[in-house]
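Required output: the full structure, derived from the provided sequences and hints.
Quick note on this note's numbering: the sequence shown kicks off at 201 and runs consecutively.
Some clues are possibly wrong.
Label pairs and their in silico Cβ distance ranges [to be verified]:
1) 336 with 304: 20 to 30 Å
2) 204 with 432: 43 to 53 Å
3) 353 with 503: 18 to 28 Å
4) 322 with 526: 38 to 48 Å
5) 464 with 259: 42 to 52 Å
6) 225 with 294: 37 to 47 Å
7) 443 with 341: 24 to 34 Å
8) 328 with 512: 49 to 59 Å
9) 432 with 322: 17 to 27 Å
10) 391 with 519: 21 to 31 Å
11) 304 with 442: 34 to 44 Å
12) 442 with 500: 27 to 37 Å
13) 326 with 489: 51 to 61 Å
Honestly, the hints are just simulated from the structure, not real lab data. The model shown is predicted, which means the values in this text are computed figures rather than measured ones. Backbone N, C-alpha and C define an ideal beta-carbon position, used for all residues, glycine too.
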Amino acid sequence: MSTFTFTELSPISFLERAATVYANRYAIIDGDFTVTYSEMYARALRMAGALENIGLRRGGRVCVLAPNTHMLLEAHYGVPLAGGVVVALDTRLPAAELGYIIRHCGASVVLVDFRYRALLGHALGAMLSPAVMDSEDLESLLEWSPQTRVEVVDERSPLSISYTSGTTGNPKGAIYQHRGAYLQSLAMAFRAKLDTSSRYLWTLPIFHANGWCFPWAVTAAGGLHHCLDKVNPTEIWMALRKNGISHMCTEPRVLAMLADAPDAVSLSSPVRIFVGGAPPWSLVSRVSELGFDVQHLYGLTETFGPVAICEIPEEWSTLPREEWEKRLVRQGIPKHRRESDSGR
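Shown next, in the form of C-alpha coordinates:
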(Lines of atoms letter the chains of each structure in order from A; the text may use other names.)
(Lines give C-alpha, C1' and ligand atoms only; values in the text may rest on other atoms or scores of the structure.)
Protein backbone atom coordinates (compact mmCIF):
# COMPACT_ATOMS: atom_id res chain seq x y z
CA MET A 201 0.00 0.00 0.00
CA SER A 202 1.32 3.43 -0.89
CA THR A 203 1.76 5.93 1.90
CA PHE A 204 1.21 9.65 1.83
CA THR A 205 1.66 12.60 4.13
CA PHE A 206 -1.50 13.92 5.73
CA THR A 207 -2.05 16.81 8.12
CA GLU A 208 -5.31 17.38 9.97
CA LEU A 209 -6.73 20.75 8.92
CA SER A 210 -7.46 23.20 11.72
CA PRO A 211 -7.62 27.01 11.81
CA ILE A 212 -5.45 26.87 14.92
CA SER A 213 -2.54 26.37 12.53
CA PHE A 214 -3.06 29.94 11.28
CA LEU A 215 -1.97 31.34 14.64
CA GLU A 216 0.98 28.96 14.86
CA ARG A 217 2.19 30.20 11.49
CA ALA A 218 1.49 33.85 12.26
CA ALA A 219 3.48 33.59 15.49
CA THR A 220 6.53 32.69 13.41
CA VAL A 221 6.03 34.62 10.17
CA TYR A 222 4.48 37.75 11.70
CA ALA A 223 5.96 37.43 15.19
CA ASN A 224 6.37 41.15 15.91
CA ARG A 225 3.35 42.36 13.98
CA TYR A 226 0.43 43.59 16.07
CA ALA A 227 -2.35 41.00 16.20
CA ILE A 228 -4.97 42.58 18.48
CA ILE A 229 -5.87 46.08 19.63
CA ASP A 230 -8.54 46.23 22.32
CA GLY A 231 -8.54 49.68 23.89
CA ASP A 232 -5.23 49.95 25.74
CA PHE A 233 -4.55 46.22 25.31
CA THR A 234 -2.25 45.25 22.45
CA VAL A 235 -0.42 42.02 21.60
CA THR A 236 1.79 40.86 18.78
CA TYR A 237 1.24 37.54 17.06
CA SER A 238 4.00 35.84 19.03
CA GLU A 239 2.45 37.14 22.26
CA MET A 240 -1.04 36.11 21.16
CA TYR A 241 0.11 32.55 20.52
CA ALA A 242 1.88 32.35 23.88
CA ARG A 243 -1.25 33.66 25.63
CA ALA A 244 -3.42 31.11 23.80
CA LEU A 245 -1.12 28.29 24.91
CA ARG A 246 -1.28 29.54 28.50
CA MET A 247 -5.06 29.84 28.29
CA ALA A 248 -5.08 26.19 27.26
CA GLY A 249 -2.92 25.41 30.29
CA ALA A 250 -5.22 27.33 32.62
CA LEU A 251 -8.27 25.49 31.27
CA GLU A 252 -6.58 22.13 31.62
CA ASN A 253 -5.64 22.96 35.22
CA ILE A 254 -9.29 23.53 36.16
CA GLY A 255 -10.36 20.23 34.66
CA LEU A 256 -11.05 20.73 30.95
CA ARG A 257 -10.47 17.57 28.95
CA ARG A 258 -10.52 16.75 25.24
CA GLY A 259 -13.96 17.46 23.81
CA GLY A 260 -15.08 19.52 26.79
CA ARG A 261 -17.26 22.54 26.07
CA VAL A 262 -16.15 26.03 27.11
CA CYS A 263 -18.81 28.74 26.94
CA VAL A 264 -17.66 32.35 26.65
CA LEU A 265 -19.98 35.18 27.68
CA ALA A 266 -18.30 38.36 26.50
CA PRO A 267 -18.62 41.19 23.99
CA ASN A 268 -16.07 41.56 21.18
CA THR A 269 -13.03 41.62 23.46
CA HIS A 270 -9.59 40.08 23.21
CA MET A 271 -10.67 37.35 25.67
CA LEU A 272 -13.37 36.08 23.31
CA LEU A 273 -11.04 36.35 20.32
CA GLU A 274 -8.20 34.53 22.11
CA ALA A 275 -10.63 31.83 23.30
CA HIS A 276 -11.10 30.82 19.65
CA TYR A 277 -7.51 29.57 19.87
CA GLY A 278 -6.90 28.85 23.57
CA VAL A 279 -9.92 26.58 23.98
CA PRO A 280 -9.11 24.34 20.95
CA LEU A 281 -5.45 24.26 21.99
CA ALA A 282 -6.68 22.61 25.20
CA GLY A 283 -8.68 20.13 23.14
CA GLY A 284 -11.92 21.90 23.99
CA VAL A 285 -14.88 23.17 22.00
CA VAL A 286 -15.61 26.91 22.15
CA VAL A 287 -19.22 28.07 22.54
CA ALA A 288 -19.58 31.85 22.15
CA LEU A 289 -22.74 33.01 23.93
CA ASP A 290 -25.03 35.75 22.66
CA THR A 291 -24.73 38.53 25.25
CA ARG A 292 -28.17 39.84 24.25
CA LEU A 293 -30.05 36.68 25.27
CA PRO A 294 -32.05 36.57 28.51
CA ALA A 295 -30.68 34.56 31.42
CA ALA A 296 -33.10 31.68 30.86
CA GLU A 297 -31.89 31.07 27.29
CA LEU A 298 -28.24 31.40 28.29
CA GLY A 299 -28.83 28.83 31.02
CA TYR A 300 -30.45 26.51 28.51
CA ILE A 301 -27.44 26.73 26.15
CA ILE A 302 -24.96 26.13 28.97
CA ARG A 303 -26.88 23.01 30.03
CA HIS A 304 -27.61 21.81 26.49
CA CYS A 305 -23.99 21.91 25.30
CA GLY A 306 -22.79 20.33 28.55
CA ALA A 307 -20.33 23.10 29.36
CA SER A 308 -17.39 22.19 31.59
CA VAL A 309 -16.22 25.80 31.95
CA VAL A 310 -17.69 29.26 31.43
CA LEU A 311 -15.41 32.22 30.77
CA VAL A 312 -17.20 35.48 31.50
CA ASP A 313 -16.38 39.12 30.97
CA PHE A 314 -16.53 40.84 34.37
CA ARG A 315 -19.37 43.06 33.11
CA TYR A 316 -21.61 40.01 32.62
CA ARG A 317 -21.04 38.24 35.94
CA ALA A 318 -24.50 39.16 37.26
CA LEU A 319 -26.21 37.94 34.08
CA LEU A 320 -24.28 34.68 34.24
CA GLY A 321 -25.26 34.24 37.88
CA HIS A 322 -28.93 34.42 36.93
CA ALA A 323 -28.34 32.06 33.99
CA LEU A 324 -26.62 29.43 36.12
CA GLY A 325 -29.12 29.58 38.96
CA ALA A 326 -28.68 26.50 41.14
CA MET A 327 -26.43 24.64 38.66
CA LEU A 328 -23.54 22.98 40.48
CA SER A 329 -21.40 22.98 37.35
CA PRO A 330 -19.69 24.27 35.21
CA ALA A 331 -16.60 25.94 36.61
CA VAL A 332 -16.66 29.72 36.15
CA MET A 333 -13.70 31.99 35.46
CA ASP A 334 -14.06 35.71 34.86
CA SER A 335 -11.85 37.78 32.60
CA GLU A 336 -9.90 39.34 35.48
CA ASP A 337 -9.10 35.97 37.08
CA LEU A 338 -8.14 34.54 33.70
CA GLU A 339 -5.73 37.40 33.09
CA SER A 340 -4.01 36.63 36.40
CA LEU A 341 -3.76 32.93 35.55
CA LEU A 342 -2.15 33.71 32.20
CA GLU A 343 0.87 35.09 34.06
CA TRP A 344 1.90 31.68 35.40
CA SER A 345 -0.12 28.92 33.70
CA PRO A 346 1.95 26.40 31.71
CA GLN A 347 1.83 26.45 27.94
CA THR A 348 -0.30 23.52 26.82
CA ARG A 349 -1.16 22.10 23.44
CA VAL A 350 -3.47 19.18 22.71
CA GLU A 351 -3.02 17.92 19.15
CA VAL A 352 -5.96 17.75 16.75
CA VAL A 353 -6.23 14.04 15.95
CA ASP A 354 -9.32 14.26 13.73
CA GLU A 355 -10.06 17.29 11.56
CA ARG A 356 -13.74 16.32 11.61
CA SER A 357 -13.94 16.70 15.38
CA PRO A 358 -15.84 19.68 16.86
CA LEU A 359 -14.05 23.01 17.08
CA SER A 360 -16.99 25.16 18.14
CA ILE A 361 -20.74 25.17 18.61
CA SER A 362 -22.64 28.20 17.39
CA TYR A 363 -26.18 28.62 18.68
CA THR A 364 -29.01 30.30 16.83
CA SER A 365 -31.38 32.61 18.69
CA GLY A 366 -34.46 30.99 20.15
CA THR A 367 -37.08 32.71 17.99
CA THR A 368 -38.89 29.45 17.22
CA GLY A 369 -38.32 27.52 20.42
CA ASN A 370 -35.10 26.86 22.28
CA PRO A 371 -31.76 27.90 20.73
CA LYS A 372 -30.27 25.28 18.41
CA GLY A 373 -26.57 24.55 18.09
CA ALA A 374 -24.60 24.07 14.88
CA ILE A 375 -21.33 22.18 15.28
CA TYR A 376 -18.33 23.52 13.38
CA GLN A 377 -15.56 21.02 12.68
CA HIS A 378 -11.89 21.97 12.44
CA ARG A 379 -11.76 21.15 8.73
CA GLY A 380 -14.86 23.16 7.82
CA ALA A 381 -13.74 26.20 9.80
CA TYR A 382 -10.28 26.01 8.20
CA LEU A 383 -11.71 25.99 4.68
CA GLN A 384 -14.32 28.66 5.37
CA SER A 385 -11.67 30.91 6.94
CA LEU A 386 -9.51 30.68 3.82
CA ALA A 387 -12.57 31.36 1.67
CA MET A 388 -13.38 34.51 3.66
CA ALA A 389 -9.76 35.68 3.60
CA PHE A 390 -9.71 35.24 -0.17
CA ARG A 391 -13.09 36.86 -0.73
CA ALA A 392 -12.33 39.82 1.54
CA LYS A 393 -8.85 40.23 0.00
CA LEU A 394 -7.25 40.19 3.44
CA ASP A 395 -3.48 40.61 3.71
CA THR A 396 -0.87 41.82 6.19
CA SER A 397 -1.96 45.43 5.75
CA SER A 398 -5.59 44.64 6.64
CA ARG A 399 -7.06 46.18 9.79
CA TYR A 400 -10.34 44.45 10.61
CA LEU A 401 -12.85 46.26 12.86
CA TRP A 402 -15.00 43.92 14.95
CA THR A 403 -18.48 45.38 14.43
CA LEU A 404 -19.96 41.93 13.73
CA PRO A 405 -20.66 40.04 16.99
CA ILE A 406 -18.14 37.23 17.31
CA PHE A 407 -20.88 35.08 18.86
CA HIS A 408 -22.77 35.25 15.55
CA ALA A 409 -21.67 32.17 13.57
CA ASN A 410 -18.20 32.56 15.08
CA GLY A 411 -17.88 35.97 13.49
CA TRP A 412 -18.32 34.42 10.02
CA CYS A 413 -14.95 32.70 10.66
CA PHE A 414 -13.08 36.03 10.60
CA PRO A 415 -11.40 35.31 13.99
CA TRP A 416 -9.36 32.78 12.01
CA ALA A 417 -9.41 34.44 8.57
CA VAL A 418 -7.78 37.69 9.72
CA THR A 419 -5.08 35.73 11.54
CA ALA A 420 -4.45 33.56 8.48
CA ALA A 421 -3.67 36.74 6.53
CA GLY A 422 -1.53 38.27 9.27
CA GLY A 423 -3.94 41.20 9.61
CA LEU A 424 -4.89 43.20 12.69
CA HIS A 425 -7.95 42.51 14.84
CA HIS A 426 -9.38 45.80 16.15
CA CYS A 427 -11.84 44.93 18.92
CA LEU A 428 -14.97 46.96 19.61
CA ASP A 429 -17.02 45.91 22.63
CA LYS A 430 -20.21 47.67 21.56
CA VAL A 431 -21.72 48.97 18.34
CA ASN A 432 -21.57 52.72 18.74
CA PRO A 433 -21.51 54.84 15.56
CA THR A 434 -19.31 57.50 17.17
CA GLU A 435 -16.70 54.91 18.18
CA ILE A 436 -16.89 53.22 14.80
CA TRP A 437 -16.30 56.49 12.97
CA MET A 438 -13.44 57.33 15.33
CA ALA A 439 -11.80 53.98 14.54
CA LEU A 440 -12.35 54.51 10.82
CA ARG A 441 -10.73 57.95 10.89
CA LYS A 442 -7.83 57.30 13.27
CA ASN A 443 -6.91 53.63 12.96
CA GLY A 444 -6.80 52.97 9.23
CA ILE A 445 -9.57 50.37 9.28
CA SER A 446 -9.77 48.50 5.98
CA HIS A 447 -12.44 45.84 6.56
CA MET A 448 -15.58 45.25 8.58
CA CYS A 449 -18.73 43.13 8.51
CA THR A 450 -22.15 44.17 9.69
CA GLU A 451 -25.92 44.24 9.18
CA PRO A 452 -28.20 46.81 7.51
CA ARG A 453 -29.15 48.35 10.88
CA VAL A 454 -25.53 49.29 11.55
CA LEU A 455 -25.10 50.58 7.99
CA ALA A 456 -28.01 52.95 8.64
CA MET A 457 -26.44 54.06 11.94
CA LEU A 458 -23.19 54.88 10.15
CA ALA A 459 -24.93 56.80 7.38
CA ASP A 460 -27.06 58.81 9.83
CA ALA A 461 -24.32 59.52 12.38
CA PRO A 462 -23.31 63.17 12.95
CA ASP A 463 -19.69 61.96 12.70
CA ALA A 464 -20.18 60.64 9.16
CA VAL A 465 -17.59 62.00 6.73
CA SER A 466 -16.19 60.88 3.41
CA LEU A 467 -13.46 58.31 3.99
CA SER A 468 -9.93 59.13 2.90
CA SER A 469 -9.46 55.55 1.66
CA PRO A 470 -12.05 52.86 0.81
CA VAL A 471 -13.24 50.48 3.51
CA ARG A 472 -14.48 47.10 2.35
CA ILE A 473 -17.67 46.28 4.22
CA PHE A 474 -19.58 43.00 3.99
CA VAL A 475 -23.24 43.15 4.89
CA GLY A 476 -25.78 40.40 5.42
CA GLY A 477 -29.54 40.66 5.70
CA ALA A 478 -31.47 42.64 3.12
CA PRO A 479 -30.11 46.19 2.82
CA PRO A 480 -32.22 48.48 0.61
CA TRP A 481 -30.34 49.76 -2.41
CA SER A 482 -30.93 53.35 -1.25
CA LEU A 483 -28.94 52.60 1.93
CA VAL A 484 -26.14 51.00 -0.08
CA SER A 485 -26.08 54.17 -2.19
CA ARG A 486 -25.68 56.41 0.85
CA VAL A 487 -22.81 54.48 2.42
CA SER A 488 -21.10 54.00 -0.95
CA GLU A 489 -20.99 57.78 -1.35
CA LEU A 490 -19.11 57.94 1.97
CA GLY A 491 -16.38 55.69 0.58
CA PHE A 492 -17.48 52.22 1.70
CA ASP A 493 -16.98 49.38 -0.77
CA VAL A 494 -20.16 47.43 0.00
CA GLN A 495 -20.50 43.75 -0.81
CA HIS A 496 -23.66 41.84 -0.04
CA LEU A 497 -23.57 38.24 1.10
CA TYR A 498 -25.86 35.61 2.54
CA GLY A 499 -25.38 32.64 4.81
CA LEU A 500 -26.59 30.66 7.79
CA THR A 501 -25.25 29.67 11.17
CA GLU A 502 -25.44 26.08 9.92
CA THR A 503 -23.17 26.84 6.93
CA PHE A 504 -20.21 28.42 8.78
CA GLY A 505 -21.62 31.84 7.87
CA PRO A 506 -21.62 33.27 4.32
CA VAL A 507 -22.20 30.90 1.41
CA ALA A 508 -23.35 33.29 -1.34
CA ILE A 509 -21.94 36.66 -2.32
CA CYS A 510 -22.79 39.28 -4.90
CA GLU A 511 -20.06 39.11 -7.53
CA ILE A 512 -19.44 42.48 -9.18
CA PRO A 513 -18.44 41.96 -12.83
CA GLU A 514 -16.39 44.64 -14.55
CA GLU A 515 -19.16 45.45 -17.03
CA TRP A 516 -21.34 46.77 -14.20
CA SER A 517 -19.08 49.82 -14.04
CA THR A 518 -20.78 51.17 -17.17
CA LEU A 519 -24.29 50.90 -15.72
CA PRO A 520 -26.24 53.94 -14.50
CA ARG A 521 -25.52 54.41 -10.80
CA GLU A 522 -29.04 53.54 -9.66
CA GLU A 523 -29.03 50.27 -11.59
CA TRP A 524 -25.54 49.43 -10.29
CA GLU A 525 -26.63 49.99 -6.69
CA LYS A 526 -29.73 47.85 -7.14
CA ARG A 527 -27.59 44.98 -8.38
CA LEU A 528 -25.22 45.33 -5.44
CA VAL A 529 -27.90 44.17 -3.00
CA ARG A 530 -28.31 40.84 -4.78
CA GLN A 531 -26.80 37.94 -2.88
CA GLY A 532 -25.71 35.70 -5.73
CA ILE A 533 -27.10 33.49 -8.47
CA PRO A 534 -28.89 30.11 -8.28
CA LYS A 535 -26.59 27.11 -8.31
CA HIS A 536 -27.12 24.55 -11.06
CA ARG A 537 -28.84 21.48 -9.68
CA ARG A 538 -28.26 18.03 -11.11
CA GLU A 539 -31.39 15.96 -11.58
CA SER A 540 -31.20 12.28 -10.74
CA ASP A 541 -33.54 9.40 -11.57
CA SER A 542 -32.57 7.72 -8.32
CA GLY A 543 -34.54 10.26 -6.31
CA ARG A 544 -31.48 11.38 -4.37
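Quiz item: What are the numbers of the hints that this structure violates, sorted from low to high?
Solution: Of the numbered hints given earlier, the structure breaks none, since each of them holds.
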